[in-house]
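Those sequence lines, one after another, are chains A and B. With the numbering used here applied, the first sequence covers 1 to 206. With the numbering used here applied, the second sequence covers 1 to 402.
Calculated directly from the structure, the hints in this document are not laboratory data. None of these values were measured; they are calculated from a predicted model. We treat Cβ as the ideally placed atom computed from N, Cα and C, and that holds for glycine. Be careful, since some hints might not be right.
Claimed, not checked - Within a straight-line C-alpha distance of at most 30 angstroms, the following computed DSBU-like cross-link-like pairs (lysine-lysine) qualify:
1) A:122 with B:90
2) A:17 with A:113
3) A:109 with B:175
4) A:122 with B:321
5) A:164 with A:176
6) B:46 with B:18
What the hints assert, rightly or not - Some but not every residue of chain B turned toward chain A, in silico, with C-beta under 10 angstroms:
7) 16
8) 20
9) 313
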Amino acid sequence: MGGGPVEVLSSVDLDIKKGEFVTIMGPSGSGKSSLMNIIGCLDRPTEGSYSLNGVRVDSMDEDSLAAARNRNIGFVFQSFNLLARHTAIENVELPLFYAGIDGSEALAKEALKEVGLERRMKHRPNELSGGERQRVAIARAIVLNPPIILGDEPTGNLDSRTGKEIMALFDGLHAKGTTLILVTHDPNVAAYSQRVINIKDGKVVL
Amino acid sequence: MLFFQILRTAFRGIVANKMRTSLTMLGIIIGVGAIIAMLSLGEGAKQQVIESMSRFGTNVLRVRPGMARMGHVRTGRVETLTLDDAEALKKEVPGIRFLSPVVASSIQVKYSNRNAGTLITGTTPEYIEINNFKVAEGSFFEQTDIKLARRVAAIGSTVRKELFGEGPAVGEEMKIEGQTFTVIAVMETKGQTSFSDPDDQIFIPVTTSQRRVFFQDYVNDINIQVEEASLIPSVKEGIERVLRDRHRIAPGAESDFTIRDFTEMMMAMQETTRTFTVLLSGIAAVSLLVGGIGVMNIMLVSVTERTREIGIRMAVGARRKDILRQFLIEALVITVSGGLIGIASGVAIASLISRFGEWDTVITFWSIALGFCFSALVGLVFGIYPARKASLMDPIEALRYE
C-alpha cells in the first residue's frame with residue numbers, strides 16, 4: 001500500500017444487456033475485482049461513469065449505493081460469506097431486513113425452496129456442506145428478486161460435481177431472465193455464459 | 001432493520017462470548033449497584049429523621065442517670081435522678097417548654113383472664129406533649145392524679161387490643177402488679193417503627209409507678225423539650241449546672257447523669273450517612289467510568305472480529321446508519337443488562353445494610369430509574385465510537401478481511 005494513486009482500470013467501455021449471461025475472465029491483478037466492485041455498487045469509479053438500469057451510479061451517495069446493492073444486485077462469493085451465528089433462513093432473511101420488508105420468513109423460505117434447501121433451513125453454516133452453503137448464499141442473493149446476480153468465483157471452493165450443480169442453478173436463474181455476471185478463472189464456468197469478457201492490465205481485451 | 005432482529009443478534013453475541021461479556025458488565029453492575037445503595041441510604045436517612053422527629057418530638061433532650069461510656073453503655077449508679085431533680089430543673093433552667101420525669105419498666109398486666117407483657121411508663125401529662133402522643137378515648141391523667149398517686153392508666157392501642165379486644169376499655173379495671181387500676185384513656189395509634197412499638201405501653205402517674213408498682217424513689221429518665229433549637233446548648237449547660245450542684249459533684253469530677261441530645265445524635269447520624277453516600281457515589285462514578293471503558297474496549301474487539309460480517313451486511317444492503325445502530329444497540333444491551341443486574345444487587349445490598357447496619361434504607365422508584373438511565377447512558381457514550389468505527393468501514397476491505 002501507499003504511494004500515489006494506482007490506475008487499476010482504464011478505457012473500459014462495457015455494455016451488459018438485461019438478461020445477458022456474461023463471464024469476466026482475467027489473470028490476478030488484471031483489475032477484474034475492481035470492475036466487479038464497481039458493477040456491484042460497492043465502489044464508485046474515480047473517473048468515468050457507470051449506469052445501472054439507466055441510473056448513474058457514480059454520482060450516488062452512500063445510502064443510495066446501499067439501496068442499489070440491496071434491490072438490484074445479489075452477491076454470490078467464492079467463500080460463501082454467510083453469517084456463522086445465524087441459521088440458513090436467517091441468512092437469507094438478511095437483505096429483507098435492510099429492505100424493511102415485513103413477513104420476511106415466507107419469502108426466505110421460498111428462496112430456499114428454489115435452491116432446493118428448504119429441509120435444512122434451520123441449520124447453521126457450519127452444519128452444511130460447501131455446496132449447501134453456496135445454495136444458501138444464492139437463496140440470499142435472489143430473495144429480493146434483483147435483476148442482476150453477481151458471482152465472484154462462485155464455484156472456486158467447490159468440487160467439480162457440486163460446482164456443476166451450482167452452475168445448473170445459475171443457468172436456471174438465467175432462463176428466468178436474471179442478468180448473470182460471473183467472475184472466474186475457470187473456462188468450464190465460462191462455457192455456460194453467452195459472452196466472455198477478458199480483462200488484462202485494466203483493459204478489456206477482445 | 002427490525003429492532004427485534006438487532007436484539008437477537010446482540011443476545012447471540014453475548015451468549016457466544018459469555019465470559020468476556022460478563023466481565024465487561026461487572027463495572028456497570030458495581031457502578032449501578034452503588035448508585036442504588038447510595039440513594040437508598042440517603043432516602044432511608046431522610047425518612048429516619050422525619051420518623052424520629054415525629055416520635056421523639058423536636059428539640060428534645062433526655063437526662064438519664066449514670067455516666068456515658070463506650071458509646072451508649074451507661075455505667076455507675078442508676079438511682080441518681082429524683083422527682084425533686086426534675087422539679088428543680090423545671091424551676092431553675094430557663095428555656096424549657098415541657099419537662100417530664102419517666103419511670104419505665106416492662107411488666108405483666110391482667111384484665112379478667114387475659115395477660116399481656118407490656119411497658120409501664122410512669123410519667124406526667126407533659127410526656128405526651130413532648131413525645132407527640134394523642135388521646136383517642138377518655139382523657140389523660142392530670143396533676144391531681146399525680147399528687148394523689150391515683151391508680152389510673154392510659155393505655156396504648158396495642159395493649160387495648162390485647163387485653164380488651166373489641167370491647168370497651170375506658171372505665172374498665174385492670175391489674176398491674178396486683179394493684180387495681182382504672183383505665184381512663186386509650187391513646188391514638190402511633191404505629192410500629194423499626195425500633196419498637198410505641199403503642200405497646202401503659203401510662204400511669206409517675207408517683208403511682210414509684211410508690212405502688214416499682215417501689216423506687218428515683219426516676220429512669222427526664223424528658224425535656226426545649227423552646228427552640230437555638231436554646232439547646234444553654235439549656236444543656238443549665239441542666240448540667242443545676243444537677244451537679246444538687247448532686248454535690250466536685251468541679252472536675254464526672255457527672256452522675258448523661259444528657260442525650262436527639263437533635264445532635266440525628267445530625268451525627270446524618271453526617272455518617274453523608275460520608276457513606278459520598279464514598280458510594282465515588283465508587284459509582286469510578287466503576288461506571290471504568291466499566292464504560294471496558295465496554296468500549298470489548299466493542300472495539302467485537303467490531304474488528306466481525307469485520308467480515310459488517311462487509312457482508314453492507315453488501316446485502318445495510319446502510320452506514322444500520323451498522324451504527326446495530327453496534328450501538330449491542331453496547332446498550334451489555335450496559336443495560338449490567339444495569340439491571342446492578343439494580344438487583346443494589347437492592348440486595350440496601351436490604352443487607354438495613355438488616356445488619358445501623359442505617360435504614362429505602363428503595364425508591366426514582367433511584368431504580370436513575371440507575372437504569374445511567375447504565376443506558378454509559379452504553380451510548382462508550383458505544384458510539386466503536387459503532388461509528390464499524391459503520392465507517394469500507395465494504396470492499398471488510399469483505400476481504402480474514
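message = Hint compliance check: list the failing hint numbers for this structure, sorted ascending.
response = 1, 3, 6, 8
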